[in-house]
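Just so you know, the sequences run in chain order A and B.
Each residue of the first sequence is one higher than the one before, starting from 1 at the first, in the numbering used here.
Each residue of the second sequence is one higher than the one before, starting from 1001 at the first, in the numbering used here.
Everything labelled a hint here was simulated from the structure, so no lab data went into it.
Since we're looking at a predicted model, the values are computed, not measured.
Any given hint could turn out to be false.
Which chain B residues face chain A? A few, computed with CB under 8 Å, are given here [to be verified]:
| no. | residue |
| --- | --- |
| 1 | Ala1014 |
| 2 | Leu1017 |
| 3 | Ile1023 |
| 4 | Ser1113 |
| 5 | Ile1121 |
| 6 | Leu1202 |
| 7 | Gln1215 |
| 8 | Val1231 |
| 9 | Ser1239 |
If you want the ones that stay clear, here's a sample from chain B, every Cβ over 12 Å from chain A, calculated [as the list claims (entries may be wrong)]:
| no. | residue |
| --- | --- |
| 10 | His1031 |
| 11 | Val1077 |
| 12 | Arg1175 |
| 13 | Thr1199 |
| 14 | Leu1244 |
Glycine residues also receive a C-beta, built at the ideal position from the N, C-alpha and C atoms.
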Amino acid sequence: MKTYLLRRLLMMIPTLLGIGTVVFIIIRLAPGNPAEILLGDYATPEAVALLNEKMGLDRPLYQQYGLYLWHLLQGDLGRSYVTNRLVLPEIIRHLPYTLELAGAAVLLSILIGLPAGVVSAVKRDTLFDRISMVAALFLASMPLFWLGILLMLFFSIKLGWFPLIGAGDPASIDALRYLILPSMALAGTSTALVARITRSSVLEIIEQDFIKVARAKGLEETRVVLKHVLKNAMIPVTTVIGLNMGQLLGGSVVIEMVFARPGLGKLLIDSIHGRDYFQVQGTVIIIASLFVVVNFLVDLTYSLFDPRIRYQ
Amino acid sequence: MLRKNKLAVASLLALILLMAVAIGAPWIAPHDPNETDMANVLTPPSLSHPLGTDQLGRDILSRIIWGARVSLQVGLVAVGIAFFLGTTVGMFGAYWGKWSDEVSMRLVDILLSFPMILLAICLIAFLGSSLTNVMIAVGISLSPRFARIARGLTLAVKEQTYIEAARAVGSGSMRICFRHVLPNILSPLLVTATLYTSTAILIESSLSYLGLGVQPPDPTWGSIINEGREVLRIAPWISTFAGLVIMITILSLNILGDALRDFLDPRLRRQI
């Protein structure tokens, strides 16, 4: 198990460096000179040359790449030339809002999707099954931002139950009220996916011989489903939740703009509109790196459900 | 197959209708999508404006019809780019094997580390917002998935006897890949393409919503929803109708893709 963990941790390093390299290449492929674009109307040849030198853009490409990687390995994402603030502290300031949104969405999708999928499978071809699978199909086809707007329209504007936008005071319990609608919107597609995969997985397991043995032993149906069926059905479900984390992190970018939450997504989009390239670069690297770390953590959970994986 | 699956038939008809509407937009749209009418600002649905008007008096129905052109164009072209790039990298990497497979799959793994929309946003941020760049960005963000699938399919096919026979008669790797491998991996890739068309349309509408897609005043479904959000309290129909159209399109593509998958490979059929 320790060897497996160490190997997976070591494999993350080239992936993280690869992410940094891809972002470096994308920036260098962009048309125009970043210094000229940043200076805008003040872009005289002298000013451009000075800013190029300050940003290191006058050096050969291999030197720029080397310096960039060296700073990246030290956790230095540079300084924004628009706000004159260090990139990393700005990201850290916005990160908690994104983490709590993504976390709440994962929790919601498991709390709603898992039981819905199990009940649909156990009560196959009943009204509940048909309704929940149709609902899942519709949810999976909705754009997240549109679902967010519909929730806003109904629960905030029509009913007045929740605030429309913002994140509230993070130190107060009221911040939870600001989290509910965005997390419901973000969890939409994920919930649908979890429900469908859980149903499919449970249907496969429930026909297995060991389930027939459990029933023949006289165990209660609830115990059979919760202790024997669900545990074995969780592996594909965990895979799907893990694979979907990327979509949740990507989706949080959009949902934060819908609900004006001050997370990484809003930071990214505002930086793009403000042509704050170094902030964009740093934020993209951090979000992609988060995805890699989350995938690693999801891999670890497999061993909880399948003891055979611990010894591989 | 389709005769047995009424839902798939309905989805196919919906998509054909959508394509017809998109192609016939100049003739079908009742108004110019960018024509402002300050006397009819934020009017609810009526006979003259079946889906209402927006804050500049523009007809929502006409804007949605014209927006269909952008979404379908991006959906089809982006998937075409992803199909071409991904299949080339995955197929040749797997066929040649060894270092070419290693290098291509490491690159694919790194690109798969980015959430799709994040990679598209990153590309648009640096390339700039335009229809062409949106198609390129969405295509590149989808291509690693095609590469993975093409690689897996090629690995299975390349060990077949007919491939060995082709090598034995002196066929080069390019000829073998295009004449023998590609035709045998095409069906599952086409199913993937159908399913990812919906993803491409979703990413495009998200980019438009964020102001990173096709720029105003050209209408896109995502930008219509964004414009509607600003007046949600007093004109909820703007965002609602545009979103409904996206949902119906995605639903139709997903149902059609599922039906195609079930038809082409019954082993993939799931009890969903």
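Each hint tested on the structure:
1. Ala1014: violated (12 Å)
2. Leu1017: Since the shortest Cβ distance to chain A is 17 Å, the answer is violated.
3. Ile1023: violated (23 Å)
4. Ser1113: Status holds, d = 5 Å.
5. Ile1121: holds (7 Å)
6. Leu1202: Where the cut-off is 8 Å and the nearest Cβ of chain A is about 6 Å from leucine 1202(B), the hint holds.
7. Gln1215: Hint violated; glutamine 1215(B) Cβ to chain A Cβ min 12 Å, cut 8 Å.
8. Val1231: violated (11 Å)
9. Ser1239: holds (5 Å)
10. His1031: holds (24 Å)
11. Val1077: Label holds. Min Cβ-Cβ 20 Å, cutoff 12 Å.
12. Arg1175: Holds: least Cβ distance 33 Å, greater than 12 Å.
13. Thr1199: Since the minimum Cβ distance to chain A is about 10 Å, threonine 1199(B) lies within 12 Å and the statement is violated.
14. Leu1244: Since the minimum Cβ distance to chain A is about 8 Å, leucine 1244(B) lies within 12 Å and the statement is violated.
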